[in-house]
Amino acid sequence: MSKISVSKISVRGLRKSFGSNEVLKGLDVEIIEGEVVCVIGPSGSGKSTFLRCLNKLDELSAGTVIVDGFNLSDKTVDLNEVRQHIGMVFQHFNLFPHMTVLQNIMLAPVELKKESTADARASALKLLDRVGLADKATARPAQLSGGQKQRVAIARSLAVNPDIMLFDEATSALDPEMVGEVLQVIRDLAAEGMTMVVVTHEMGFAREVADRVIFMADGVIVEEGTPAELFGNPQQPRTQDFLSKVL
Amino acid sequence: MRKITKFRAAKLTVAVTALLALAGGFVGISAAAASQPQAKPNTEVTGETYVIGTDTTFAPFEYRKDGELTGIDMDLIRDIAKNQGFTVEIKSLGFDAALQALQSNQVDGVIAGMSITDERGLIFDFSDPYFDSGVQMAVAEDNTKISGYADLAGENVVAKRGSEGETFANSIKDEYGFTVKALADSATMYDDVKAGNSVAVFDDYPVLAYGINQNNGLKSVTEKEQGSSYGFAVNKGQNPELLAAFNTGLAELKTSGEYQDILDTYLEQPAPAASSGFFGLLSDSLPALMKGLGLTLLATALSIVIALVLGVLFGFFKVSESRVLRGIASVYVSIFRGTPLLVQAFFFYFGLPQLTGQSIDVLTAGVLTLSLNAGAYMTEIVRGGIQSVDPGQTEAGRSLGLGYVTTMRRVVLPQAVKIMTPSFINQFVMTLKDTSLLAVIGFAELTYQGQQIYAANFRTGETLLIVAALYFIVINLLTMLSNKLDKRFNK
Ligand SMILES: Nc1ncnc2c1ncn2[C@@H]1O[C@H](COP(=O)(O)OP(=O)(O)OP(=O)(O)O)[C@@H](O)[C@H]1O
Ligand SMILES: [Mg+2]
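Chains as they are written, first to last, in the UniProt record's numbering: chain A, 1 to 247; chain B, 1 to 491.
Be aware that one or more of the hints could be misleading.
List of simulated lysine-lysine pairs, DSSO-like, C-alpha gap at most 27 Å [unchecked claim]:
(1) 136(A) with 219(B)
(2) 254(B) with 65(B)
(3) 25(A) with 8(A)
(4) 136(A) with 487(B)
(5) 65(B) with 219(B)
(6) 418(B) with 433(B)
Simulated from the structure, these hints should not be mistaken for laboratory data.
Note that the structure is predicted; figures quoted are calculated from it, not measured.
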């Protein structure tokens, strides 16, 4: 388990197939500490699959993914350990419905013995305060609005102190008036220097917070660059075509 | 509102507990008829205990009176045992089951009003005949049309499966042009005639005579045919000393006149039929039925606990990543869901001992059957419950760095259990009802006790009503209690 790369995330030749359907066709990506990378592209292009390969929720078919120096293909690497470095936020929140908001956040730190119950409670309350939901500690997920649920989900992934955050269309399931409150939390995290990979359909947001934008189509990276380059002066016809439809 | 619910739940708990206690109190399984050696003991059998199988329902040879097995066969075997200095433990299994039990050495001998035939002589060794029987025909009391075999043309008649009566009826059915249907016990046959499904019954004359004396609603219309003789049987080549002791004892009872006394008790002076009304029947039969209910609940409780363990184990196998574990669970489930419970019960009680040479008691066999069977259904309930939890829940748990086991325990299972609980309660009720099938292997649960009672008093309808009511009350009390607990703990 030696440190192999200076990159925070290093992806080389990543391929992923579901049966005979090849969804990722050889991706190479380097992401450095503190960088915010937004991934955009049409539906079915493999954005979610790419993200899920970064914490191995999906098995890799070929290639290597190295996160924080841990090679995910290495059988001796403790995945549960690596995953504590990587927070993940899902489109549909996936909060635990049988627990209160506080219990949702405290579960991992307590189960993983990172904190005593009392400490975990204090940290959880702090996190809730940070996402603006200090008054919802004892509520059940079912009693929250979509935007509130997603902010709790973000607080939950932050509870194990990750140094990387992955967002998979975190605002797509939200009513428009709630998108802003969630984006604000992500924006704050970016400002604090969190390394982040953000799959999003919010082009305005990508342009604003991203250090780099990756455009994916059909399982390959078609084009990447700074927001100014990619949105202002796209080089590839597929990128131009996609942007003309969404902007 | 909450208080009321709590109070109700408490009352329910008390009611159920009381019922269980009541039933439990009656579970005192009647055992061996102990006896002291008397005149001329046969030294080879002295002090031995023999397990004797018999029919459940063959009055006046064997039937239950006030919960105790009685009848010509019972008096005879007990008196012979006393005379020869051995002890008998009677198992009331049913005719077919007793013969199967003898073949698989579950019992040492069978006395069940069994005719000595050449066919049976091939697999059993018979004693000297102890009773000369003969077949007689009876019809419903109010039937004026049928007075002889000649009136049977085009009609249905009924006889006991595998009995002399069936053989005789079949031997003359072509000559007189009627059809023969076979049923398992006398009480059912008489009901069939009274219900008009069959016009006449062919049965052994002492049985018929006893039933008619009990006001079973029939009358005999022919003379007794010259019939075969009844004998006591042991498995071929097994227990020769028991057979010898039976013959010696029988001869001595005949000499002393005790033999004739026994016959007179049951045939010459039949018990006057005292019809006691529904509540009389209820109070007479309740002790035996409660004893049966106790065994029903015992078998259910044991089976459901084992089934739960099996269900959780194989349920996890079913959702595991291992192809082998999934395969094992699938084979288990398909075997026990793909064969009838009745066949499984016969297999575990009669088949398994023949294969292994190890005899098995009826409660063990019954619980084995029910728990393996219910376990298969539980497996599917557990699998379904786990799989119905959104996969996103597992992903959220795993992405936080929680392991498979922790994610299952803290995230998936609490949600799955909530989904599964109604199905669990359902399975619990099914298993309770399935215990009634164990009557066929002679497990003395509620249905069996009911059969015993109407076999002796011929009041089938009323007895079954009481039995059904007991099931209904217990099942509904338990269901209500389970639902209350479900609401309390699975909010
Ligand atoms: N578990 C799976 N089994 C089989 N095929 C899958 C699975 N997950 C994804 N796919 C397929 O992989 C392809 C890429 O899916 P993915 O979810 O990565 O796309 P996406 O870019 O995130 O799309 P969207 O914008 O709609 O979320 C799709 O064709 C999808 O059908
Ligand atoms: Mg997606």
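| Which of the stated hints cannot be reconciled with the structure, identified by number in ascending sequence? | 1
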